[in-house]
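Spelled out from the first residue to the last, the chains are:
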Amino acid sequence: MTKGPGYRFMVYMSKQMIACDEASFLISYREDHRLGLRKWWNLKMHLLSCHLCRKYARQIGELNSSLEVYREHCSHESCEHHLSPEAGSRITKLVKRDLNAK
Amino acid sequence: MHGRALRICILYEIDSRRRQMPDREEHKIEPQHWVERYGDYLFSYAIMRVNDSSKAEDIVQETFMAGLKAREQFRGESAERTWLTSILKRKIIDTYRKKYTSKELNFGEHEETVFDGDFYRSEEPFRGHWLDGKGPHSNSLLPDGELEQQELMKFISLCIDQLPPQLAAAFAMKMIDEEDSATICKELGITASNLWVMLHRARLRMRECLEKNWLN
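Those protein sequence lines, which keep their order, are chains A and B.
Each step along the first sequence adds one to the number in the working numbering, with nothing skipped, and position 43 is 43.
Each step along the second sequence adds one to the number in the working numbering, with nothing skipped, and position 152 is 152.
Treat each hint with caution, since some may be false.
Subject to a maximum C-alpha distance of 30 Å in a straight line, what follows is the list of computed DSSO-like cross-link-like pairs (lysine-lysine) [stated by the list, open to error]:
no., chain 1, residue 1, chain 2, residue 2
1, B, LYS91, A, LYS93
2, A, LYS96, B, LYS91
3, A, LYS93, B, LYS69
4, B, LYS89, A, LYS96
5, B, LYS154, A, LYS55
6, A, LYS93, B, LYS89
7, B, LYS69, A, LYS96
8, B, LYS98, A, LYS93
9, A, LYS44, B, LYS134
10, B, LYS69, B, LYS186
11, A, LYS3, A, LYS39
12, B, LYS186, A, LYS39
No lab work stands behind these hints: they were computed from the structure.
Bear in mind that the values here come from a model prediction, so they are computed numbers and not experimental data.
Take these sequences, add in the hints, and give me the full structure.
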């Protein structure tokens, strides 16, 4: 069998292939870092061939956006959590006692 | 004096008056109104992060006490609420740290072996592939159509609660408090690569947990 001019290159490229574990790590790693050219390319190639990791990437995006909603949720005034009345009066008492002590 | 000179004089006068005025309103500190004014806000802030109402109450109480002790240092530069929130943040970071050091079991200890045997295959021809049932199933994590925000919030806090404590601490600091990586590493005493491994593991588990909860 003759080996064409691209053979060595193809062998090299196939050794570069990454599996789902590394790909899914890179998916969360790229949120805060710029991937290097090789990592970026490896991830692209993996995502082209792996439908599970494509789903994973999409779901992680959704996770991030819903966490954003979660963060915003309580920064405006209409927030559902209230200090229970017992705890409120207990803390008020403590604060008053501390104020009077000085 | 008229014309240009007058105008310059007037502008100068206005400018000097403006300089004498304090350029922002002075914030006063009134501890007797703290609980009614900021109690609910601080409580919701805390409960989002600790998922436990009695713990959150304790944290709010500690915050008020620390605020009382430190009220001489209050300069009036920021509003009372912002000031109290910054104290509360310190307290919450302390609880994260406690959570992080609470149990012996340690995640992400090996910096090089990033990969989690709970999620990926380890036998040779398929090494590193998703284990059956551990990879993503549905196209979308969230059901399309009307999204019950209330329910989503409930699931998120439930899933954060179910993470191993170390992962939960790192994940909450990063994704909910939006601390930068350097701060988190300093507070928890871990290296940056360790942090990224932990965040990755936390995401794997969060994703799995949310998907499971939505499918049921």
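Going through the hints against the structure:
1. B:LYS91 with A:LYS93: holds, 21 Å
2. A:LYS96 with B:LYS91: holds, 22 Å
3. A:LYS93 with B:LYS69: Between A:LYS93 and B:LYS69 the Cα gap is close to 16 Å, so the pair holds against 30 Å.
4. B:LYS89 with A:LYS96: holds, 23 Å
5. B:LYS154 with A:LYS55: Answer holds: B:LYS154 to A:LYS55 is near 23 Å, not above 30 Å.
6. A:LYS93 with B:LYS89: holds, 23 Å
7. B:LYS69 with A:LYS96: At roughly 13 Å apart (the allowed maximum being 30 Å), A:LYS96 and B:LYS69 satisfy the hint.
8. B:LYS98 with A:LYS93: Holds, at roughly 28 Å.
9. A:LYS44 with B:LYS134: Distance of about 22 Å is within 30 Å: holds.
10. B:LYS69 with B:LYS186: Holds, at about 27 Å.
11. A:LYS3 with A:LYS39: Judged against 30 Å, a Cα distance of about 28 Å means the pair holds.
12. B:LYS186 with A:LYS39: Measuring from Cα to Cα gives roughly 28 Å; hence the hint holds.
Comparing the model with each numbered hint stated earlier shows that all of them hold.
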